[in-house]
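Q: Respectively, the protein sequence lines represent chains A and B.
Each residue of the first sequence is one higher than the one before, counting from 26 in our numbering.
Each residue of the second sequence is one higher than the one before, counting from 18 in our numbering.
These are computed hints drawn from the structure, not numbers from a lab.
Heads up, the beta-carbon is just placed ideally off N, CA and C, and yes, glycines get one too.
Keep in mind that a hint or two might mislead.
[As the list claims (entries may be wrong)] To give an idea of the chain B side of the interface with chain A (calculated C-beta under 10 Å), a few residues: (1) A34; (2) A35; (3) G177; (4) I206; (5) L246; (6) V249; (7) T279; (8) S283; (9) Q312.
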Amino acid sequence: MGTDPQLLAELRAVLGPGLLVDPAACVAFECDALTTHRQSPDLVALPQTVEQVQAVLRTCCRHSVPVVARGSGTGLSGGALPIAGGLLLVLSRLDRILEVDPRRGLARVQPGVTNLAVSAAAAPHGLYYAPDPSSQVACSVGGNVAENSGGVHCLKYGLTVHNVLAVKLVTMTGDVLTLGAETGEAPGLNLLAAVIGSEGLLGVVVEVTVRLLPLPRRVELLLAAFDDVGRCADAVGQVIAAGIVPAGLEMMDAPAIRAAEAFAHCGYPLDAAALLLCEVDGLPEDVDDELARARAVLIAAGATSVRTAQDAGERKRMWSGRKSAFPAVGRLAPDYYCMDGTIPRRHLAAVLAEIAALARVHRLAVANVFHAGDGNLHPLILFDAGRDDELARAEAFGAAILEACVAVGGTVTGEHGVGVEKLGPMCTQFGAAELAAFHALKLAFDPPGLLNPGKAVPTLARCADYGAMKVHGGRLPHSHLPRF
Amino acid sequence: MTVVDLPPGEDIRDELAARVRAASASQTPLRIVGGDTKRGYGREVVAEGLAVHGHRGVLRYDPAELILTARCGTRLAEVEALLARHGQRLPFEPPSFGPAATVGGMVAAGLAGPARAARGPVRDYVLGTTLLAGDGRILRFGGEGMKNVAGYDVSRLLAGSLGVLGVILEVSLKVLPVPAGTSTLRRRIDAADAVALLADTTQRGLPLSASFWHAGELTVRLEGADAALAAVAPAVGGEPLAPAAARDFWHDVREQRHPFFTAARSLWRLTLPATAAAQVVRDVPQSAFEWNGAQVWLADAGSSAATTLARAYAGDATLFRRPVVDATTDVGEVFPSLPPALLELHRAVKRVFDPAGILNPGRMYADL
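Next up, chain A with everything else stripped away, as it sits in the complex (with noise of 0.2 Å):
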């Protein structure tokens, strides 16, 4: 590409070697997990300081040239695709731990920094950083923050956006703002939440001050089994209406449980219809109280069996399986294709109704595993890319969970983000006039509009045309991070 030799020699000046223009050494960078769509970057930085990014981005501002920030690369949707043209600002060399404080319950880092190594951090302090996405040992909490991450453990601690309390913002301009407060009070409007989730639109996270959490002192897990997923399904919502509030609640239905069982050999009911996994932590005396309710619900739910983990042995051989699922699903076929729609727990037992009716629909196998407490689904479409039209078949399937996820009053995506792989299904979700303030929001935090465009945010042009533009998702990359 003829990349202007002004802005090279301008970027060199502040980069020095953190400057990578050998094609070869770029295309290292050309996707995040989704590996479906791949783009090599024309110019990547890798800034070791903050005055780095500040320059990077008032370089790229005079020159127009548009940037995509990017963490450790592991999300789902595409955020960090690269931009044809701009820029790739890669921010893993930002990787310190700046503070920890148990007495103040925080830590501020730099956004390189991983999700795990936070926890880490603090356990010697008998502390932990709660959003536990299932790539924590590699994801970057700057990309947290662009993502809103979840994890499995959001109904009773939140997602990213509960355990953020202010970030360090560079803007395309360069400015440095802080929004938040480590008192999670700052003043003004609450900025943070909108750059929370924001996929890198309104400006570049150089630092991240976490709220840690006590570890729980006593943690205990209950597998029920169930010979019809739709009386599992309603046991979810009996569970919550009782007054639990589980620490983590996760359903998987035949399919996901014999893969799983194949895979992770944890002792799964392989009769089973479907199953849940009801996680309860807190005090001793609280755990004892909520243990013995849950299970009394479960079984009056409809349970044929409940079992507890009886020691910290069964009980990480039993979260194997289903921290394993991706991957054994994975091993059913040659491709598979995992949705994100996340719906109002009341309708579970209906929308998975609906799934399996879709499959038959559309040809194609469907195994369910997801955060049920959150009624955040992960439907796994099973296809064969290499197969007539099966590819063409998974993302109409795909689609059509995403209408009937929105249909019921849900969203397109609970967690993994909008990136460029639902761009199409924001149209169903959104109208015009929200869309358009959504432009708009990105345009108050960057004039030029040059961070992360056409990312997250459909154009209104786009969704006259979807229909004709649904997009596929497929094989994961980082295979050896347990997805779910």
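Assemble the complex: chain A is given as a structure, and chain B must be docked to it using the hints.
A: Leaving out everything else, chain B in the frame of chain A:
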């Protein structure tokens, strides 16, 4: 789905939208009024009133979903009573400052009560909103789900926005079950020791849900299963209050009817790193703190004293209750000043939702 009897309501959104459109066209500023119980919070808005209390009613509430959706004019007390009937509550314990307080006003003010330190702020529980923008557009953000990352999180941006972005017509809130048991303990302790005790208690994961310190006396509330409360009470220490006295005490703290608050002419609210509270209250005799030290109240302090103290400890000072002054006296800014680039961003965000700048102008900052 549990069938719940919902209080009756009335939908006047079209009427409200028409008024806002007309005001936008004629550049007439409007002061959004719910129950008018929090008028003293923020700057005074001199403008025609836009009464929204008529837009009322709980639209959906299913205890198994832990979500309640209500129109803005629904009385807070009505929602709290409804939740209580089903063993649930608003976890952030919002103050009402009067029986007429509304759900919309609660979200727009963004104020949380004693449970804030343990349960989080109002914004953490806002899941979805319908917004009447300053030019009459009706926009819907978020929804009735626990997780939603589609589009920017405008709903949470509206929590604490004081009406400067639009009228919150409807809001969906996450609610939580009331814990099985509660106990309130009181002891004499100086501020430094109280802050240390509370930090230690929090770090150890004990089920502390509220704290209030004033004049050498610390009152704390624990919540959880009765067996858990009995087990942890000795570690916290102090004498238990009778249940009715405890309920009244926390109600008085939340509604600022505790004698510390009623005796104050003006009230500064400092939000601080909790570890700084002890130094601040040492310097100001008429003071109290909540939220384990993260929220400090100064009675009848001067503006420069309050802001200097807040700055010295990396916190923020807000003039929460203005001294009674002549109506023509301008008390100036009541919220901490923002750096210029951040204030400019606030103006740009306001223009997105209220291009004519007619909704609650000056409520948050003179020039917003």
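Q: Output the numbers, in ascending order, of every earlier hint that fails for this structure.
A: 1, 2, 4, 7, 8
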